[in-house]
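S.K.: Heads up: the protein sequence lines correspond to chains A and B, in order. The first sequence begins at 1333 in the working numbering and counts up by one. The second sequence begins at 2 in the working numbering and counts up by one.
Hints may contain errors.
Said to hold, decoys possible - Listed next, the stretches of chain B that the computed footprint assigns to chain A, with coverage defined by at least 3 CB atoms under 8 Å from CB atoms of chain A:
1. 66–72
2. 111–120
3. 263–269
Hints are computed from structural coordinates only; laboratory data are not their basis. Heads up, the beta-carbon is just placed ideally off N, CA and C, and yes, glycines get one too.
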Amino acid sequence: MSADKGSSGKNRHLSNRAIVNLFIWPTLFLLIAMNVFPLFYSLYLGFTNYSAIARQAPVWVGFQNFSNILNDKQLWEYFATTGRYALMSVSLQTLVGFGLAMLVREKFKGGGILTTLILIPMMISPVVVGLFWKLMYNPTFGFFNFLLGFGNPSKAPDWLASRFAGQPMPGLALFAVVIVDVWIWAPFVMLLVLSGLKAIPDYLYEAAVVDRASSWFQFWRITLPQVAPLLLIAVLFRTIEAFKSFDLVMGMTGGGPGSQTELIAVNLYRQAFLGQFRTGPASALAYIILIVIIAISNLYIKYLNQSKGEG
Amino acid sequence: MAHFEDTGPRTPVVEPTRVDKVHPRAKWGKSIRVLLTVIVAFIMLFPVLVMVMTAFKSRADIVTPPPKVFFRPTLEGFLYLFTDRSVLSPANLDAARANPGKLDYWQQLALSNGQQINGPSDYVGRLKNSMIIAGTSTILSVILGLFAAYAFSRFKIAGKDDLLFFILSTRMLPGVVVTIPLFLLYKQLGWNDTYIGLIILYTVFNLSFSVWLLKGFIDEIPIEYEEAALVDGYTRLQAFFRIVLPQAVTGIAATTVFCLIFAWNEYAFALMLTSERARTAPPSIATMLGSGGLEWSAIAAGSLGFLIPVAIVTFTLRDYLLRGVTFGAVRK
Chain A
1333 MSADKGSSGK NRHLSNRAIV NLFIWPTLFL LIAMNVFPLF YSLYLGFTNY
1383 SAIARQAPVW VGFQNFSNIL NDKQLWEYFA TTGRYALMSV SLQTLVGFGL
1433 AMLVREKFKG GGILTTLILI PMMISPVVVG LFWKLMYNPT FGFFNFLLGF
1483 GNPSKAPDWL ASRFAGQPMP GLALFAVVIV DVWIWAPFVM LLVLSGLKAI
1533 PDYLYEAAVV DRASSWFQFW RITLPQVAPL LLIAVLFRTI EAFKSFDLVM
1583 GMTGGGPGSQ TELIAVNLYR QAFLGQFRTG PASALAYIIL IVIIAISNLY
1633 IKYLNQSKGE G
Chain B
2 MAHFEDTGPR TPVVEPTRVD KVHPRAKWGK SIRVLLTVIV AFIMLFPVLV
52 MVMTAFKSRA DIVTPPPKVF FRPTLEGFLY LFTDRSVLSP ANLDAARANP
102 GKLDYWQQLA LSNGQQINGP SDYVGRLKNS MIIAGTSTIL SVILGLFAAY
152 AFSRFKIAGK DDLLFFILST RMLPGVVVTI PLFLLYKQLG WNDTYIGLII
202 LYTVFNLSFS VWLLKGFIDE IPIEYEEAAL VDGYTRLQAF FRIVLPQAVT
252 GIAATTVFCL IFAWNEYAFA LMLTSERART APPSIATMLG SGGLEWSAIA
302 AGSLGFLIPV AIVTFTLRDY LLRGVTFGAV RK
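Starting from the given sequences, assemble the full structure and let the hints guide the process.
M.R.: Next up, the structure:
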């Protein structure tokens, strides 16, 4: 040891301040270069009519892109689809995840392995998940309808085409995507709720038993309030992600049929990277999505703090 | 937990989990709960099971209604996934069938479908790209994250909380917002469709996560160990490398694997910023076309190949999963 100390004498001259700078600046530099700079660049592009494949320099057009977006009924339709998708999938995930957590809450033999197995969907690439669910949903040879008991394909739902027994049934495809999103992310809610459940002090339940409180009462007055903060964190995380959702839909429907599952992030990709490469308008749209996400997160956080203040 | 509210003893029970007095109803409740859990887990895992089955089905078995649970397993899916084949003309087919002795297993499998193998498919190269890009970016983000996490954990830094929040907030940005400018920047630098472009992007993408997760692990290492080492004449750097690093090994391993999963599964950036040379596997699984539509067995085989490492990792990391999926914000 003493020999080592002598050999690295140069390091002795590094003050703590030098070490701090050496340790954190590479990280900060990369984050600024790859996140902060693009953020400002894309704000600038939002005010231009630039197209990445045109040979023209960006031309400043002021607020035109933004006003076009705000007046574009089609785009608001996509926002509404995204909102419906987020609402459905987040609420179902919360319910299913909470149920799962209550189910595996108490330890039993093999319970740990089962809990871990349930987490697998979350770890697979969403685009791959989307693809193999497309196979599950296939009306003629998929397992999904088969297990639901639809033997005859002509009288069964064709989920991803939004048709039921040959008749159009709008909303079915979006719901099919929601089912898969719930399949992937309910385990995430379960994980968070479980950690919340573990943190509830035993004496609360012991006191309830002493008072002969019913299990119903215990659930509403002890379990739920104690888990609520973590549940809200899960809802916040999932809502943000739902508004950014892209991979799953690309793997399953590509936005179809028609534009029934065209989420806003999918449409943004279409505008920015396919066809005419409408870089300027797409940047403006990206900013509007960002603002919507920030607004929603702030509402949640405000609500979260309020409920904490009351409790 | 036993419930005594209906039939329990008259006096208050202070020990709710006395094993000698578990009410029969509680025992029943437990068995029902276990059974229910098993059923739910089976339902949750059924799609995965379907994927595994599909990977080993022949093309005919996949598209026959109703879906088959029992079938003769074949490696066709893997053949379609990894090789580029062409259909043999009847004359060549007869010639090839005449002396099958020289062919290896895969060639025979192709021959039984009237095809010959021309060479490896695009997918092989893309899998290699995935490994190089995900591997390199993971190593970089863990190393950079480790240094930053140590500095944030141990030193007084002006505006520390704000900096940490800034690092976290970068992860909340929708990827598409930064992709457009990065696409243009990369175009200027000639980085579109290159390894370096995706490696740097994935490194940054994982960096915020790696800093937060590792900071949590390093915070748990008692600072007294380093102080003792410093008193013994170690320099700060020596203390970091000899004392802190060995203690943080589990945390580093967990972080590495989480970063690897993110980079390995990433789809959107790869789709937008690569096309041919540096394209990774996830965007190319989606375009696995066979004759007459999607080649399901190849897609399932590719997905299975993606699933196996992930399943292993899920088991190895089960104690850290909560930390991992919540950026280290919530601990067990």
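S.K.: Now, for every hint given, state plainly whether the structure supports it.
M.R.: Now for the hints, and whether the structure bears them out:
1. Counting residues of the segment 66–72 of chain B whose C-beta sits closer than 8 Å to any C-beta of chain A gives 3, which meets the bar of three, so the coverage hint holds.
2. Given as covered by chain A, the segment 111–120 of chain B fails the check, having 0 residues with a CB less than 8 Å from a CB of that chain where 3 are the minimum.
3. Closer than 8 Å: that is the beta-carbon criterion, and the segment 263–269 of chain B has 5 residues meeting it against chain A, so the requirement of 3 holds.
In terms of the numbered hints stated before, the structure departs from hint 2 and from no other.
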